[in-house]
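Respectively, the protein sequence lines represent chains E and X. Going by this note's numbering, the first sequence opens with residue 1, and the numbers climb by one from there. Going by this note's numbering, the second sequence opens with residue 1, and the numbers climb by one from there.
Think of the hints as simulated: they come from the structure by calculation, not from any bench. Keep in mind it's a predicted model, so treat the numbers as computed, not measured. Check before you lean on any hint, since a few could be wrong.
Because identical chains cannot be distinguished in the list, a pair is counted as satisfied if it fits within a single copy or across any two copies.
[Said to hold, decoys possible] Derived pair list, reagent style DSSO-like, types lysine-lysine, alpha-carbon separation capped at 30 angstroms:
{"hint": "1", "residue 1": "K259", "residue 2": "K143"}
{"hint": "2", "residue 1": "K2", "residue 2": "K179"}
{"hint": "3", "residue 1": "K55", "residue 2": "K202"}
{"hint": "4", "residue 1": "K259", "residue 2": "K108"}
{"hint": "5", "residue 1": "K40", "residue 2": "K259"}
2 protein chains.
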Amino acid sequence: MKKTSTVICHHEYGVPEEVAQVEAWDTPTIGPNQVLVEMKASPINPADINRLEGKYPIRSPLPAIAGNEGVGVIAQAGSEVSNLRVGQPVISLDRVGHWCDAYAADAKNLIPLPDDVPLEQAAMLSVNPPTAWRMLEEFVDLKPGDWVIQNAANSGVGRAVIQIARLRGLRTVNIVRRKELIPELEAEGADVVVTDEISLSKQIRDLMDSGDAPLGLNAVGGESAREIAKSLSDHGTLVTYGAMGLQPLQMSNSLLIFKDLCFRGFWINAWYKRANVTEIHEMFDQLIPLMTSGKLAVPIEKTYPLTDAKNALVHACQSSRTGKVLFVMN
Amino acid sequence: MKKTSTVICHHEYGVPEEVAQVEAWDTPTIGPNQVLVEMKASPINPADINRLEGKYPIRSPLPAIAGNEGVGVIAQAGSEVSNLRVGQPVISLDRVGHWCDAYAADAKNLIPLPDDVPLEQAAMLSVNPPTAWRMLEEFVDLKPGDWVIQNAANSGVGRAVIQIARLRGLRTVNIVRRKELIPELEAEGADVVVTDEISLSKQIRDLMDSGDAPLGLNAVGGESAREIAKSLSDHGTLVTYGAMGLQPLQMSNSLLIFKDLCFRGFWINAWYKRANVTEIHEMFDQLIPLMTSGKLAVPIEKTYPLTDAKNALVHACQSSRTGKVLFVMN
Numbered sequence: 001m002k003k004t005s006t007v008i009c010h011h012e013y014g015v016p017e018e019v020a021q022v023e024a025w026d027t028p029t030i031g032p033n034q035v036l037v038e039m040k041a042s043p044i045n046p047a048d049i050n051r052l053e054g055k056y057p058i059r060s061p062l063p064a065i066a067g068n069e070g071v072g073v074i075a076q077a078g079s080e081v082s083n084l085r086v087g088q089p090v091i092s093l094d095r096v097g098h099w100c101d102a103y104a105a106d107a108k109n110l111i112p113l114p115d116d117v118p119l120e121q122a123a124m125l126s127v128n129p130p131t132a133w134r135m136l137e138e139f140v141d142l143k144p145g146d147w148v149i150q151n152a153a154n155s156g157v158g159r160a161v162i163q164i165a166r167l168r169g170l171r172t173v174n175i176v177r178r179k180e181l182i183p184e185l186e187a188e189g190a191d192v193v194v195t196d197e198i199s200l201s202k203q204i205r206d207l208m209d210s211g212d213a214p215l216g217l218n219a220v221g222g223e224s225a226r227e228i229a230k231s232l233s234d235h236g237t238l239v240t241y242g243a244m245g246l247q248p249l250q251m252s253n254s255l256l257i258f259k260d261l262c263f264r265g266f267w268i269n270a271w272y273k274r275a276n277v278t279e280i281h282e283m284f285d286q287l288i289p290l291m292t293s294g295k296l297a298v299p300i301e302k303t304y305p306l307t308d309a310k311n312a313l314v315h316a317c318q319s320s321r322t323g324k325v326l327f328v329m330n
Numbered sequence: 001m002k003k004t005s006t007v008i009c010h011h012e013y014g015v016p017e018e019v020a021q022v023e024a025w026d027t028p029t030i031g032p033n034q035v036l037v038e039m040k041a042s043p044i045n046p047a048d049i050n051r052l053e054g055k056y057p058i059r060s061p062l063p064a065i066a067g068n069e070g071v072g073v074i075a076q077a078g079s080e081v082s083n084l085r086v087g088q089p090v091i092s093l094d095r096v097g098h099w100c101d102a103y104a105a106d107a108k109n110l111i112p113l114p115d116d117v118p119l120e121q122a123a124m125l126s127v128n129p130p131t132a133w134r135m136l137e138e139f140v141d142l143k144p145g146d147w148v149i150q151n152a153a154n155s156g157v158g159r160a161v162i163q164i165a166r167l168r169g170l171r172t173v174n175i176v177r178r179k180e181l182i183p184e185l186e187a188e189g190a191d192v193v194v195t196d197e198i199s200l201s202k203q204i205r206d207l208m209d210s211g212d213a214p215l216g217l218n219a220v221g222g223e224s225a226r227e228i229a230k231s232l233s234d235h236g237t238l239v240t241y242g243a244m245g246l247q248p249l250q251m252s253n254s255l256l257i258f259k260d261l262c263f264r265g266f267w268i269n270a271w272y273k274r275a276n277v278t279e280i281h282e283m284f285d286q287l288i289p290l291m292t293s294g295k296l297a298v299p300i301e302k303t304y305p306l307t308d309a310k311n312a313l314v315h316a317c318q319s320s321r322t323g324k325v326l327f328v329m330n
């Protein structure tokens, strides 16, 4: 490894492309239980943008290297490390510090991947697919044929929900803002795709000809979340995991009192904190084969080198994007 | 019993005092498993107003006798009835038909009360105290010293929450709209009483010097509900059981995602429907002694005869009330 490593870091909070700095930092040295990971790819997630803005509920001591997930290969392993070998692809359970050429990780915080894993997809394996997976597991005992209703259906989480739900025999109603996305999501396994129009809940109820809709997933807020709530079955649960619309949740009291809905929230970082190692590995044992076989695939719009951080961040903040923006390294 | 009974009924939905009619109906005859109950007292509850307006989620076939709860004494018992005797005070599990001189009830739907029960208080035993009781039981495993934060604290449910919470070693933060209510609720056992002002959640957090606040109870909606949510501990539950403020619930997404709050609803009618007989009797075995000993008391502002239905309803709809409006019969 070179003595210095390129990193995207920030010394203050503010407009992402203004505060993000490309710098050369010393390549870290590793302890006996650590490995040096040579980074290969890392996406720009909404959480990364919020972190740079200082709007994320966790703040790292500054200066900090940004990037909440990514994939790399082992470049060097400490003397006590036995379960990982040089050249092996890995993702990490750390939720910060991935936008760099190389980083030092505790071996116990890494999930090994098969050699043939598609690296750019694997870079997006530790946040969105686990969010989708856990939300389909944690809140409602879903039965084959049940409907799951979600907005932001073309997001990373949304696509993972479609694909995992399909494999589990569930059906999905998917709300999107742009008509062009309908054939694409249908091709990925969506049962019903609707656009965000007036009388959305009436539309949805007409389309769900039979079966229960016990689970809704909300990453938008406002009217979109309310239309999902109105479409759910009695006693259903609406889980909020994002707030892309920046609108608060606004719900009539009768949805709670008479329809007996339950409103919950989900944050994958909190789950990683409370889950034990076995649970985490069991989940990835299911997700990794799905990814390797191409069943968890997210469209990639453009890749950038780390040195082009500012353009990459401007691009990632464009609302007209149809795929992910990634950094690729080495 | 007389051959006819005075009833307050309605033939249509609309403005309560306009659609409510005082009529003479035939006194019902009873079957072998029924009893004739001579009514003694019955309150005007918010649910009664909503029913007359047609805004309640349940509609009875019209014409219907109004009144969702009340107390009476057994006037006559069918040949197969063994557990009830003439002269015994009873309340009923039926949630309609109490604004009358006399009604026929299935013996199995009645809860017998001790002879010395205060009748006007007992008339209000089957809706509000059970709502308070169940909400303190059902959602959160509350420990002595825990805080429960509620709005509409001077309502029937609110006062029952204060009194039951006190007996269970819980502490209550009580939000009211009028300063005059503070000494009154403190005398009933409220730990903290605050008025509905700016920075309410900051006020509340300062007053709860120690301990968790895992449960909030909301009968108002809007800003008041949001201030409770902001005051709860992480992972807390906010239960909505009323909507006096007619404002929808409006919550920032971060309260769900990062604070992991849970929003639920409670409706006592749905509980009566799903509960089994043993659960219902076990609850009343606890509530009846509390009421008999004066620990579940609600201020009564004025009583009216059934024949004065219109004035009573106008009075019950006044927002400046400080106590309940009741019908008294016989």
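Violations among the numbered hints, reported as their numbers in ascending order: Per hint list: 2, 5 violated.
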